[in-house]
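Generate the whole structure from the sequences, applying the supplied hints.
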Amino acid sequence: MAKTTEVLTTGEPLAAARLFSAPRERLTRRLRVDLLTRRLVTMGGVLIIACILAIFFVIAAVVYPLVKAPAAAQVGVISVKIDSAPLAVGVDEYREIAYLVTGGGVQFVSVKDGSPLASSPLTGLKAARVVGSSAVRRGLFALGLSDGRVIPAEVRFTVSFPEGRRRVDAELVVSDPITVDSDGRPITRVAHVSAQSGPITAAAVGAKDLMLVTVKETKALIGPSTKEESRQRLSLPIEGEITGLALDGRAEDLFVGSSSGQVTRVDLRDPDDPKVAGSVAATSGPGIGVRVMGFLIGDRTLVVGDLSGGVSTWQLLRAKGNERRLTKFYDFVPHVGPVVAFAPSQRDKGFVTTDTSGMTQLHYGTTGKTLLTMKAEGDGVNAVTFAPKADGVIVGGAAGRLSHWALDNPHPETTWRSLFGKIWYEGYREPEYVWQSTGGTDDFEAKFSLTPLIFGTLKGTLYALLFAIPLALLSALYASQFMHPTLKTIVKPTVEIMAALPSVVLGFLAGLWLAPLVERVVPGLFLMPIVVALLILVAVFCWRFVPVGLRRRVRPGTEVSLLVPIVILGAWLSFWLGGLVERLLLSGDYRGWLLNVLGLTYDQRNSLVVGFAMGFAVIPIIFTIAEDALANVPQHLVAGSLALGATRWQTALRIVLPTASPGIFSAIMIGFGRAVGETMIVLMATGNTPVMDWSIFNGFRALSANIAVELPEAPEGGTLFRILFLAALLLFVMTFVLNTMAEFVRLKLRRKYRYL
Amino acid sequence: MKRFWKSGDPFIWLSGGALALSLVMVAGLVVLVMMNGLGFFWPSPIARLTLADGKELVGQVVQREKIPQPGAPQGTPERYRIQVRVGNRDLYGADFVWVEEANIVRRDFPPDALLIERREWGNLYGFIKEVRDGERVVAQGSGDGWNALQTYLPGETETFNEIRRIEKREIGAINHAQEKIRLEIKKLGLRGPDGSPEVARLQQELETLAARYREHAASLAELRQSSRRSLVVSAAGDKEKELPLAQIVRAYRPDAMGLLAKSRLYLSRLWEFVAGEPRESNTEGGVLPALFGTVMMVIIMSLFVAPLGVLAAFYLREYAKQGPFVSAVRIAVNNLAGVPSIVFGVFGVGFFIYLIGGSIDRLFYPEALPTPTFGTGGILWASLTLALLTVPVVIVATEEGLAAIPGGMREASLALGATKFETTWRIVLPSVMPSILTGLILAMARAAGEVAPLMITGVVKLAPALPIDGFWPFVHLERKFMHLGFHIYDVGFQSPNVDAARPMVYTTALLLLLVVLVLNLTAILLRSRLRKKYTLSII
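Quick mapping for you: the protein sequence lines, in order, are chains X and V.
Using the numbering used here, you'd call the opening residue of the first sequence number 1 and step up by one each time.
Using the numbering used here, you'd call the opening residue of the second sequence number 1001 and step up by one each time.
Some clues are possibly wrong.
Claimed, not checked - In silico DSS-like cross-links for lysine-lysine, where the CA-CA straight-line distance does not exceed 27 Å: (1) V:K1532 - X:K488; (2) V:K1239 - V:K1129; (3) V:K1533 - X:K492; (4) X:K748 - X:K492; (5) V:K1532 - X:K492; (6) V:K1321 - X:K748; (7) V:K1241 - V:K1129; (8) V:K1321 - X:K752; (9) X:K81 - X:K112; (10) V:K1533 - X:K488; (11) X:K275 - X:K227; (12) V:K1055 - V:K1241.
As the list claims (entries may be wrong) - If the Cβ cut is set under 7 Å, some of the chain X residues that face chain V in the computed set are: (13) D34; (14) T37; (15) S475; (16) F508; (17) I536; (18) V560; (19) V564; (20) W649; (21) M680; (22) P712; (23) E716; (24) A728.
Derived by calculation from the structure, the hints in this document are not laboratory data.
From the three backbone atoms N, C-alpha and C, an ideal C-beta is built for every residue, glycine too.
Right under this line is the structure:
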């Protein structure tokens, strides 16, 4: 026998033995294949399981930047040769060219090394020096001169791509000077905007006096447009002297800060008749003067920085009597020294403030949070700018030192409080939970409170379960305990099919068919449970008087077939009665009654409709699991109870139900999970308005529907995109926890049965 | 009475009532969808209503309802109103009108009332006035006009189809080729500036394509010229409409049709629904692209989900060491089936579309950027998302099947010297096959009915092209697609004319329901047969 073969003998021992030989190579090949598949299956299995578990981590990874703390990295400090301390600084959107407003005009420098760039001179300066600068608004600003004039100017950056490389060019566009103070006093405080009616310049001339210069442009159809300049001098009733000016972009209100800490509002809505409209103490203490003032993007939130380092935001709110009052929104983390400069973001409601020591802080207006603190070197810091893309900050010091930071702050608007708590949004009377992710304008304040959505999800789930739990559990009890087995083989697949009905079909029926129908029969619908139950009881009662012979023909456990017509009859009866009740008790119009008596409005697509449709989707799930649990209760328990003389109902209620209660609990949990995540039904059967009220006659907006509606339009990586992922994560965690809980309960139950 | 309560029977009956109610609801829902969906294709009669003020309406009665009279005293007679589909959107502005029944003086059903299904503007109701050939009147009046219409309509429809064919096939092919060459040129440009001979050659090709396009455009113009017969219809309200015959999909006179003719029309409309292209922003015509998209997505999903789910189940049940880890994994897999589908969609967006798709675009399609190729929703990503969503179904079903196989079968095989792989391949797999199939069918049913995750991973209301066509590589997995479920949502809730779209929604829902129910019933039957088999084999 060759050593390379294994020999096996088969067949009867006496017959000629048939040799079954297998070459060793074949055996090794078989073993190799076996090993290979083992590895393959293991690898594949682990991979799939890892993939499944990765869902959580991928979603969490997208969410993570939302909660990541903002960071700043100092890019460099550059020295610029300047003739005086900078009054203002600015930078282009790629942070390549910075400009400084100094006594001698506007100077452009390279951000990289501080080397001066060819710049257009400030024409019209003559012998004067620049002593004041207004807030920079999209590159537009006004310079106050030492001889009482003001020069409106604009810095324009042009970006071109010659030969595929980016090139940024800066240009200073200077308008004609406006003579504000004919006495020639230096203009240190100036505010300037180009409103729709024309440019308006406000400047402090003297301690308490303001000069308003408005230019009205009337465009003639033919010929050159005419400009009409009007000037008004205002004496303000303030203590101390004027230290800050802020004018909103619509030129409606001028805010004047004083050295006594007051902010006085001047109503400019009628430009020919400016009115002083009250003042408030706006600084961190009495007698502490206002140092800087300015608006956040959108020109609705006023930021006030004072001499003791306090920073706060203010808004005009309509108080009683339709009167607008300046109201404080937030106090931010204060600076140590006087706040000397402020710069708003051009993208969101963020802003930076800096104090004399160079301490620079990044704040966010919507949330009232101070996000970051940076320390610029050197003393005498007095100018700061926020890069146009909100990705950098440049601080200018007296000696011409520019400190440059790059910011990593993609989602400043999200904090735990802004996502789940009440936030005081611009134009709102009080802090509220609001979800409003997109608006019409660039300066729209996004409102990302998930609370109304979570509320909506829970509301829909609650009403669905209110409808589904009683029906499903009673059905399960009947099917498991009393139903005839033959009938059960039909009923169970029917319920399974019910579970398989696509939710989009349910949603569409709910929205297009059920909602208009329900609207007509609301009173009848509320009567239905009572009427149907009564009718069934009456039927049972009458059943006892049916001759026994006839009764015998209906086998026990098939009552349900008799009940179908009764239920249909009951439904019809209750609608009829509902109409009657509406006519007799609710004066023929239940909606009017709801509004007048209960103060409820009625939406056509409301929680009632969602409750029905979603309940319909949840019933089979609860039914199936509960029925399994009830049917698996050991038969000897039931038999024992019946043998002791308990009725079938007593047995079901006192023996079967308690034994199976963990299973029923897990059924409800899983039903809850399904209702929480249901998307299409809530999307189609509610109005999708994110309101927070418990009324069954109003709609809501659920987390899931919100994702489906907004994700296709959310730009990748944006705040909305990530918040929608957070919503998905919430849903995921919610349902996963619920299901795991249910699973454990069920396992425990199984163990329990083993001992029974 | 006390005995009555004590017997517990009332409660049993009450719980039975709950079950009866659930069953009534399921049956009612299916019947409702069936009636509304199937009834739509039956040509209902065209009524001519003469109103009290002398106005005339011609159209189909859609529904009748009671007029609510809040605050009316007891005994007020009920008033009813009917909704009439008068069509002629271009003439009247709205398709539907409500008429109070008390205002109707006369209602008759003129046998020569004509219903024309148009390619644009919805149905046209009216009477034939004349048939024209260019400026020349060929036939006049209802009788002659009807005959002339029957004669000319097939030819005109053929011409129209020929125009469509040229536009879609020939010109579509040219556009496709042009687009490819443009991308090629861009790609060469990205690689470096010195691809000039190649570029010149491609430019040359573009030129020839443009020439071919001009040829086709000329023949199209000729065809359009040749189709100049038209129909003048007088509609109620003293309006008149001239309609080119090429605009007619179907013209018929329901009031003059017998049962047989109506049945034929019914079948023809049913066929158009299943196999036709949608018209009028999906509210008319067929759902073929949506049906095709649904089926294709489910098939691609099955290609992923079947092997992966089976592999995972075999690993969990046959290869992994049973212990707390495997139980934990099993629970996790089970729970995954309960995670909301929209969460899977979100995962699909974050992982498949932006992470994987974005990487594919940067590596293989840099010339098309910033237009994404794979970095946007498409049928592949949607299928993969749904595969992940349904993989627990397959795993659970397969595992159940594996658990039901008697251990003796495996042991016998191993005892005979077979390796584990051979046992698995030859013994276990064949016996577990029905379970796998059940799981797969259930997964397909679930996937076919799921919409929410698709909405964010690649479904669109109107896809310009099917994911399969005649251009290489024939299967375009990156394309967006249409889906029956999304069709329902879109037509029912996003279309401006909900009343006119409603029948379409019902029929689409019916079709989807049919697909899902058939799949589910198959799975249920398969499973019950399987159970029987195993009960026998255990004995």
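Each hint tested on the structure:
no.	hint	result
1	V:K1532 - X:K488	17 Å, holds
2	V:K1239 - V:K1129	11 Å, holds
3	V:K1533 - X:K492	20 Å, holds
4	X:K748 - X:K492	25 Å, holds
5	V:K1532 - X:K492	17 Å, holds
6	V:K1321 - X:K748	23 Å, holds
7	V:K1241 - V:K1129	9 Å, holds
8	V:K1321 - X:K752	26 Å, holds
9	X:K81 - X:K112	15 Å, holds
10	V:K1533 - X:K488	20 Å, holds
11	X:K275 - X:K227	24 Å, holds
12	V:K1055 - V:K1241	19 Å, holds
13	D34	4 Å, holds
14	T37	4 Å, holds
15	S475	4 Å, holds
16	F508	5 Å, holds
17	I536	5 Å, holds
18	V560	5 Å, holds
19	V564	5 Å, holds
20	W649	3 Å, holds
21	M680	5 Å, holds
22	P712	6 Å, holds
23	E716	6 Å, holds
24	A728	4 Å, holds
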